[in-house]
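Each chain, written out:
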Amino acid sequence: MFEVIGERINTSRKFVQAAVAERDAEYIINDVKKQQEAGANFIDVNAGARIGHETEDMKWLLDTIQPIATVPLTLDSPDPAVLEMAFAMVEKTPMINSISLEKERFEAMMPFLKGKECKVIALCMDDNGMPGSADDIVARAITLVEELNKIGIPTNAIYIDPLVQPISTDSNKGMMVLDAVRAIKAKYPEVHITGGLSNISYGLPQRHIINRTFVALMMDAGMDSAIIDPLDAKIMATIKTADMLIGNDQFCGNYLKGVRSGAIES
Amino acid sequence: MADFNAIIEALVACDTEKVTQLVNAAITENVPAVEILNKGLIAGMDIVGEKMENGDMFIPEVLMAAQAMGKCVETLKPLLGEGEGRDSASVIIGTVKGDLHDIGKNLVGMMMESGGMDVHNLGVDIAPEDFVAEIKSKNAQIVCLSALLTTTMPMMKKTVDAIVESGLRDQVKIMVGGAPVTQAFCDEIGADGFAPDAGSASKMAKSFAA
Numbered sequence: 001m002f003e004v005i006g007e008r009i010n011t012s013r014k015f016v017q018a019a020v021a022e023r024d025a026e027y028i029i030n031d032v033k034k035q036q037e038a039g040a041n042f043i044d045v046n047a048g049a050r051i052g053h054e055t056e057d058m059k060w061l062l063d064t065i066q067p068i069a070t071v072p073l074t075l076d077s078p079d080p081a082v083l084e085m086a087f088a089m090v091e092k093t094p095m096i097n098s099i100s101l102e103k104e105r106f107e108a109m110m111p112f113l114k115g116k117e118c119k120v121i122a123l124c125m126d127d128n129g130m131p132g133s134a135d136d137i138v139a140r141a142i143t144l145v146e147e148l149n150k151i152g153i154p155t156n157a158i159y160i161d162p163l164v165q166p167i168s169t170d171s172n173k174g175m176m177v178l179d180a181v182r183a184i185k186a187k188y189p190e191v192h193i194t195g196g197l198s199n200i201s202y203g204l205p206q207r208h209i210i211n212r213t214f215v216a217l218m219m220d221a222g223m224d225s226a227i228i229d230p231l232d233a234k235i236m237a238t239i240k241t242a243d244m245l246i247g248n249d250q251f252c253g254n255y256l257k258g259v260r261s262g263a264i265e266s
Numbered sequence: 001m002a003d004f005n006a007i008i009e010a011l012v013a014c015d016t017e018k019v020t021q022l023v024n025a026a027i028t029e030n031v032p033a034v035e036i037l038n039k040g041l042i043a044g045m046d047i048v049g050e051k052m053e054n055g056d057m058f059i060p061e062v063l064m065a066a067q068a069m070g071k072c073v074e075t076l077k078p079l080l081g082e083g084e085g086r087d088s089a090s091v092i093i094g095t096v097k098g099d100l101h102d103i104g105k106n107l108v109g110m111m112m113e114s115g116g117m118d119v120h121n122l123g124v125d126i127a128p129e130d131f132v133a134e135i136k137s138k139n140a141q142i143v144c145l146s147a148l149l150t151t152t153m154p155m156m157k158k159t160v161d162a163i164v165e166s167g168l169r170d171q172v173k174i175m176v177g178g179a180p181v182t183q184a185f186c187d188e189i190g191a192d193g194f195a196p197d198a199g200s201a202s203k204m205a206k207s208f209a210a
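Note that the protein sequences, when read in sequence, are chains A and B.
Under our numbering, the residues of the first sequence are numbered 1 to 266, in order.
Under our numbering, the residues of the second sequence are numbered 1 to 210, in order.
Hints were generated in silico from the structure; no laboratory data involved.
C-beta atoms are modelled at their ideal positions from N, C-alpha and C, and glycine is treated no differently.
A few of these clues could be false.
What the hints assert, rightly or not - Partial list, computed: chain B residues near chain A (C-beta under 10 Å):
1. G55
2. I103
3. L107
So here's chain A without its partners, still in its complex pose (with noise of 0.2 Å):
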């Protein structure tokens, strides 16, 4: 099943931070409860914007949330503290979004995941910044598979971000990235791959219809999670559809299912 990390409660967004800053509840469940209703698997919380304010956001925010997710939630902090606190206050065995190869983050991550039961989104980045090539993508996402289950992190608990980077500049971006993802499905079937899509479209117009196509062409690749708003009902309707398309949909129910709701129209 396709796992859909809502993304929409992260305070770098203007209308959260707002919310945030003046501690409005009922906007921030609102917002929770839509995202939910419209098939978010996971609910991203990212309180970070409101720089030196973390801590007490984020601690406000699991409160505000807590009592009305149905879904797990995705704790997003490169702060292990801040972590700690959240991990902490959550339900239900929460993804932590996220850990990478670069030094600092890898160092102040590993200690905490170390013992967790968690989820985890591991980002395809070095210290050498984005990578460049599908080999490089493929190498990251096994030196962050085989350290994650040295500390005792199964592999179908990892989501793979390899880190989609813009067509605009490069035009072979895109098959840089799905031929990365078939190497890694291909290696580690149960390793989840994840990550955002907006960059794909960086710099073009009519951003919309290439993020549609183009998650159709990473579920084909192996993508079956991404960071998305639930709330874009077209990317939604894609996604459901592509699912069928690929064979994880018996006798289509989940596409008439939403069909019948109104949630796909073509």
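Here the structure of chain A is known, so what remains is to put chain B in place on it, guided by the hints.
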């Protein structure tokens, strides 16, 4: 009389072949290389930048135009006199410490270079003290800071502070950019300008250098 407008039009149309042909024809007609550069190629890239700013041209087209220009500049270089063809403005550009994103910053650097500026691209993950050292060694008038993460935005402030402490603040204009950066943030940290895209960044740098 060389037809600079034709060069400009061909460049804006991203027609590499035609630009090259027109530039070569102008050289044969003994049009001074510096004029071909300034009145043809740089003038054309200024329009490309404006069109990018207005959403009429997009990154792949801008890259094509810049590539066409770059090819012609290689042809013109040996024909330029000493000190010709370079705007006096020395620009340093880099992504702040802790941040490894380079695509946007490289586009901005490329547009400024296409605009005739002397651009020194320092790369990514650049510490405040390294920006300061480069301002000194390159005698920079403009410093461009890039950050793509909310977690690295504070490093922009630290970099601005380091430039102030070094006593070089009056020598340079500081420009900031990157997805999470806003005009309000630019004002808050005491930078001189914020640009939302490479086209407007290049235009702003030119106005600072004027």
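The hints, checked one at a time:
{"no.": "1", "hint": "G55", "in the structure": "holds (7 Å)"}
{"no.": "2", "hint": "I103", "in the structure": "holds (6 Å)"}
{"no.": "3", "hint": "L107", "in the structure": "holds (8 Å)"}
The structure meets every hint from the earlier list without exception.
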